[in-house]
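Colleague: The lines below spell out each chain.
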Amino acid sequence: MTAVIELAGLRKAYNQGTPVETEVLHGIDLRLEEGEFAALIGPSGSGKSTLLNLIGLLERPTGGRLSVGGRDTARISEAELTALRGRSIGFVFQFHHLLPAFTALENVMMPTIIARGVADEEAEADALALLDAVGLKAHAYKKPAQLSGGQQQRVAIARALALRPRLILADEPTGNLDTHTADEIFALLRAFNRDSRCACLIVTHDPRLAARCDRIVRLVDGRIAEDRAVPSL
Amino acid sequence: MKFRLPFAPLVALRFLREGRMQTFLILAGTTGGVAVIVFLTQLISQLQNQIVDRVLGSQAHVVLRPLEEANRRAIDDQGFASIIEPRAQRLRSIDQWENIARLAGGMPGVTAVSPVVTGPAFAVRGQANKSVALMGVDAERYRRIVRMEEYMVAGRFAVEGTHTVIGTELAKDLGLRLDDKLRVAFPNGRDELLQVGGIFDIGNKDLNRRWVFVTLPLAQSLLDLPGGVSNLDVTVADIFEAQTVADRLRGATGLTVDSWMQTNAQLLAALRNQSVSNNLIRSFVVIIVALGIASVLVVSVVQKQKEIGILRAMGASRGMILQVFLIQGAVVGAVGSIFGSMLAFTLLNVFSAIYRNADGQPLFAAELEFRFILVAALVATLVGLLSALIPARRAAKMDPVQAIRS
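Chains as they are written, first to last, in our numbering: chain E, 1 to 233; chain F, 234 to 639.
By construction, these hints were calculated from the structure, which means they are not laboratory data.
Some clues are possibly wrong.
To be verified - Beyond 10 Å from chain E on every Cβ pair, some chain F residues (computed):
1) Met-340
2) Leu-407
3) Ile-543
Claimed, not checked - Some, not all, of what chain E presents toward chain F, calculated at C-beta under 8 Å:
4) Asn-53
5) Leu-58
6) Glu-59
7) Ala-79
8) Thr-82
9) Arg-85
10) Phe-93
11) His-97
12) Met-110
13) Ile-114
It should be emphasised that the depicted structure is a prediction, and the values quoted were computed from it without experimental measurement.
The C-beta atom is built at its ideal place from N, Cα and C for all residues, glycine as well.
Make a model of the complete structure from these sequences and hints.
Modeller: This is the structure we're talking about:
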């Protein structure tokens, strides 16, 4: 099995070098294999979001090692980091974070437009297929504001998948949805994970959802307190 | 095949379209600014051209005259006091004027040279007599100095034999019509009977009363200047180069050489001051428009914080975000300049219908030179781009994590 991401002694401190320096993560060791479906749980303030930001290459760690797809990220430049992020990681945020000025279809095409500079027929067909897969083909030309919360989140998932990333990071993807819709979204992520073998790391507060993942990583006070596999049903 | 915009222009245009009210305000500001600048520039340049045209309509660009005669001190300077009286200037010819005319004609920047013999005379008809200036010219050559044919109200501007061309005022004063006879008398006792071959209206009553054109040889003999000319009138290609040409001619000939720029120094100074204040106004308008664009974009960057964060998370580089906001500035400038030029054109039409000359003609033409629009568009786009620089850099520097969380 190949590691999608590998963290070794990863640390993150804020306000470094000032009297209010606070370390949020105190050495995290974590390895996520291809096709894994893991939940990241833990109380508020335990550093879940920070860890997700680090893995998502949105922030740089202050210590330890982080490799994405076997590549050490410590020495690569800001621009390369941005490009690597675009290519290999898909984000699903708690609040869908779609671009309100663009249609659902355009939102799904956006990662491709960013990576290639401009969209083409192929990218559009692919985005439509993704929207079809999340059951929103009929809403492709609607703006996010015209969609329901569940539909918005489904567009966000389609967008996260646009460049076929090896890793999907989801920050409470069902946080503001009702249970029924939450289940649908979760099932969707699960289905993509099964079909495309991309790894998923899902931050969630919902123990019910966590229990349906393959693996649960529990973070407490910036340390991994528990990392266990969930016995399959 | 559908036309697809690349990332930066696509997002820039969508952001502009999304921020309707802001985009409208910023465009209105830019449009107004461009309109003011284009309108003002066109108006002032037209008015100035017209004034200069009018002034030069009855004047040579450069005039060569003989040097003035002066009394020289004949006594040595061993203590003898003396008073040098200024000398009366008699009418004299330019020495070897034909050579000088040829030399002037060959000088770069000179397009025409015309010999003129001019001197005082009285126009007499019946009991009436009027003091006039006799102008001996070669009609063909003089036309290239003053476009007399454009001013003719009767007859043609052509002199031959004892034909003459006079102004409307003189014609009215002496009750003359085409083909009527007119006597001119001179202080030296000579006189001649002339026949009116043409009547002109040069737009200046004084000149309409004073100028009496005859042939060069006739004027030479009447003014006792056989074979001579009292001055050489010169037309130059670029009227604002007249002074340079005049200086060069003075250096080459040693004669008294005056350009219209010296003769009308006050007018030129006024025009120049007008241009300076015009430039000042334009600069201020540009600055105000730039500040307007910049401030609206700064607000827009703050509003779009989240979107910027999302784009960055999806792999958009700092450079791409920078481009998005620079393009917004440039688009506002470019579109504003198109609307602004249209508004300026409307203003020019409205004002040219309202403002009229004494003769009822529009004070200026409602024309908009294409190069003005082009320059305005280029400048506005550049100003938009520069004004967007600060907001765009702010957007590019934004930390994606902070941006998304906000």
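Colleague: It remains to establish, for every hint, whether it holds in the given structure.
Modeller: Here is what the structure says about each hint:
{"no.": "1", "hint": "Met-340", "verdict": "holds, 60 Å"}
{"no.": "2", "hint": "Leu-407", "verdict": "holds, 81 Å"}
{"no.": "3", "hint": "Ile-543", "verdict": "violated, 5 Å"}
{"no.": "4", "hint": "Asn-53", "verdict": "holds, 5 Å"}
{"no.": "5", "hint": "Leu-58", "verdict": "holds, 5 Å"}
{"no.": "6", "hint": "Glu-59", "verdict": "holds, 6 Å"}
{"no.": "7", "hint": "Ala-79", "verdict": "holds, 6 Å"}
{"no.": "8", "hint": "Thr-82", "verdict": "holds, 5 Å"}
{"no.": "9", "hint": "Arg-85", "verdict": "holds, 5 Å"}
{"no.": "10", "hint": "Phe-93", "verdict": "holds, 7 Å"}
{"no.": "11", "hint": "His-97", "verdict": "holds, 5 Å"}
{"no.": "12", "hint": "Met-110", "verdict": "holds, 6 Å"}
{"no.": "13", "hint": "Ile-114", "verdict": "holds, 5 Å"}
Checked against the numbered hints above, the structure violates only hint 3.
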